[in-house]
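Asks: Chains as they are written, first to last, in my numbering: chain Z, 2 to 425; chain A, 12 to 334; chain X, 574 to 877.
These aren't lab readings, by the way, just hints derived from the structure by calculation. Check before you lean on any hint, since a few could be wrong.
Claimed, not checked - Sample of chain X residues lacking proximity to chain A, with all beta carbon distances greater than 12 Å (derived): (1) Pro582; (2) Leu591; (3) Leu710; (4) Gly749; (5) Asp760.
To be verified - Computed spacing ranges between beta-carbons, pair by pair: (6) Z:Lys354 to A:Thr162: 28 to 38 Å; (7) Z:Thr322 to A:Asp252: 24 to 34 Å; (8) Z:Glu301 to X:Pro654: 52 to 62 Å.
Stated by the list, open to error - Derived list of chain X stretches under chain A, where covered just means 3 residues or more per stretch with a C-beta under 8 Å from a C-beta of chain A: (9) 667–675; (10) 853–860.
Every residue, glycine too, gets a C-beta built ideally from N, C-alpha and C.
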Amino acid sequence: MSRVALGIIVATLAILLGGGPDAVRGQAPTGEYKIGVLEPLTGNLAFEGKRHMEGLEVVRDLINERGGVMGKKLVFAVADATDPTAAASEANRLITREGVKIITGTFSSRLCGAASEVAARHKVIYWESSCVDPRFNKRDLKYVYRTEIDATGFGWYNIEFIAKHLAPRFNLKPNQLKVAFLSEDSSYGQGVTESARQRAKTEFGMQEVMLEYYNWTTLNDMTPTILKMKQLNPDVVHHIGFGNDAVLFWRQSKEQNFLFKALVHAGATGYGGADFGKALGNDANGVFALLEPGPGFRLEALRPEGQQIEKAFRDAIQKRTGTYPFGAHQLAGAGLWLLKLVLDRAKTDDPEKFNAAVMSLDMPVGSMINGWGVKFSEVGQNANDRVQHYMLQWQNGQLVTVWPEEFTTLRAKWIPLGAWDQRK
Amino acid sequence: MIARLRSRPGAVALFGLAALTPLFVRDAYFLDSLVLILLWGALSAAWNVAGGYAGQVSIGHASFFGLGAYAAALMVTRFGRGPWLGMLVGVVLSLGAGFIIGFLSNRLRGPYFALSTIAFSQVLLIGVSRWRGFTAGGEGIPVPFRPGFTTLGLGHIAWVYMALAAALLCYAVEVYLERSRLGYRLAGVREDEDAAEALGIPTRRLKVLAIALSAALTSICGSLWAQYVGFVDPTYVFSVDLSVKFALNTIIGGMGTALGPYLGSILITSLETYLRATFSGVKTGFAGIYLIIYGTVLILVVRFVPDGLAGFASRLRARRAHA
Amino acid sequence: MDPARRLGPAQIDVLAQLAVATVLLGGIYALIAVGLTLIFGIMRVVNFAHGEFLMLGMYLAFWAFALYAVDPYVVVLISIPVFFVVGLVTYVLVMRGVIQASHNVQIFTTVGLSVVLQNVALVAWAGDFRFVRPWHLSTVIRAGSTTFNLSQVVAFLIAVGLTVALVAFMKWTHAGRVMRATAQDRDAATLMGIDTDRVYRLTFAIGIAAVGAAGVLVAPLYAIYPTAGLQFVLLAYVVVVLGGLGDMFGAMLGSFIVAAVEVAGSYLFGTAWKEIFYFILFILVLVFRPAGLFGQRGAETLGV
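Same shape as in the complex, but just chain Z (with noise of 0.2 Å):
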């Protein structure tokens, strides 16, 4: 081993490692709050990363424009997270170089799990905005946050709405319904499954005729499935899915001419994203996803502070993507407003005082973006029934907004779907 490797190894080292080890950057000059934002932005999930930084930049904006975070501007330090031990690593990076207070963040289960330990342990302030473990508020760590509902809320309002809105259209009672469960098995599919079949089964005795997980990333072709569901007929099936696999299964579901009466997913992938529609064009007409509002939501059904700020983002939203928000900008963007909110009473980034702003919020549905109101639990777990969610459904090449009611100016479509040339 000679000297010279080993000059190699301390000089890499040295050098990689930021220039020594005291290079703390520390927070921003005077004028600027940096918070640390981390965010999947390469690998599988690097589409969703960037809709949630475009979200997060738009609103930082909108804050600033109205005076930032308290009294000063609002500058990200932004770092990616593309598996649990890089999560956790910038997470790291985040604290002790960047010397952030607060992070926010993460979409997946998978690197919000670990993002948060570090935090936690550092006494950092973790604000998640859109992942959905249900476990994720269940671990007795302090000053974690989520302000999104979790998988199970998901699951409940699917199940709210088909029981509830879908059922009697169908002249079924609920506990005569016929569903089929399928879904991506990622923490977040099963997530959502899991808690939709639960509350299908006991609140409602619904039948559920199938349950079928698969991997999304190697699914190459769904006729098989569907040949199978055709045979056990169900009224709704239940797909969450998250990519391709959505498009695969409703185009070959319309080539084997599999009729059903409804199907009903949840979140801003798969049927819920831009992709779908862009795939299929009119041929999605009749999907319901779970999400944020969308066309047709009514401005007018909120509080006048949500109808500014909703405003004011939609707008924004159109201004730098051309489009009207999608699921991933709305849950990065209410986050980053719901944490303004915070800090406007806060007056301060102390976890302890942070913490007690937290708590001590209290706004009803309709108080700001996406229609939101909030009540977070003391495990900092914002309450299902003041994160209010929407289904929407495709017509005519667009997500339009058409549940619950009072919130929108469209309605529901194809209920039951029919046959499907019949769907224009």
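Mind docking chains A and X on chain Z? Use the hints.
Replies: Same frame as chain Z, now just chains A and X:
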């Protein structure tokens, strides 16, 4: 013992530096990076036992890593016991898996063996993802942090020493292989299996032994990792990306050398961390640039320095000696 | 009782449709595997980046369609020469230097290449899912109660055509014979005056051209995104090993077997388990017949 230490100045320097660092540096990010360097180094050294010393190049070592990680996580969350017990269970499971892979290595060579190890790790990935009732499936397992040694709830400084211990363990095994009769016989298997067999060396048994040993060490590190990062997700812990990383560090550092894996880990882990830290904040949509750089460096190093940094250093030394 | 297991007229229809699904899916896998078996068979290089070239082919189809409204079936004709050149360039820049090196070096070179290509795509075109929607996307042919998706049928026919063409090329042209000779014994071939570098260059270029064209053909059927190649690459390796290295017809047959295992497995046990089935099949074949189901016994040790 002093003589032995003196014969390996590189190792003394490396591990010594690692041991001394927490006394001078308190920066948590630096220490975290050090832990990762040591841990990935240990994992690469474990891989080296099978890949470098026995010549069995597997791209499926994540199988053992994942088994170790899950065993520790499940033991804590499901059975309410400590992660050390989980580590033990992980080792037992990985020995079993190691025997299976060892069996495969006796039937297959080169790229076929490599492909079969990939298939094995994917079978485990899918199996664990589906077994929702036991492993929480695709949702993964959050591992709780409970301060204390028995629960492996350690602070940054303690983790440096824990990772160092793992690194030293794997290093010791490597050194043992270099100096012992077992090691010489393995070298025979590695250089020319047919000739070794002709000489009466029980090649099949030795290969299985090497792989099983490698598996056990990998599993131990996997259990430690689970407690360090705190979230076990099947698509990550059994991934081909991880398997490749273990092999990669060793190849870049020098296969079949004891210090090689650690040199490789220093270079690669530092590069990864540095690039990610520097380029994450870049305009949205350009985050992939650091991976392009990473991939290109990979191609270049593998091509131009195939015997790794350690080999490069030895060649330099030899050249100087003859100058 | 699970309705899937009773046998009646409805079930015959289901079986027919499953059979069709198998054949058409097999066609797609064959398209992807044909190029790989050539490269793996002749050069004995495990090309981890194979899926990324497929992905690039898919993006070619997407951009041609999005920017110039060119139908994929026209693009495929352009893609063959384009990817031939891409293959040549890749060989000269990346592969040539490691041909004589150990397997590990080759494997990790292609791993690096795979990472680079995935992220070039990510940076250039973002991670959003893209789709190609030609007019014939949802066109189906119905025969009785069985449906055939037109795009899949075309992909299948082209896969067959391509395989036949490559087999003919390998068997009856001088270049093909030279390639086979080099595969059997690189040193002997050199001694016989064969320029092995040229052979490898050609092999790699043809292999990449095949997988690039495959990408264009499958683009209408799947989402297009930077890591799309991963969806197929492991599977392609299973096919190649099943069919025997370098054996084109073997690759076709291997594709159908894998497709059958997938389709039957999905139908009977649920889509969750399908990969387990073909991975286990893979391991079994490797253990008992490593030369592949149709390869010559012992062939797998050649050049390894």
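Asks: Which numbered hints does this structure break?
Replies: none
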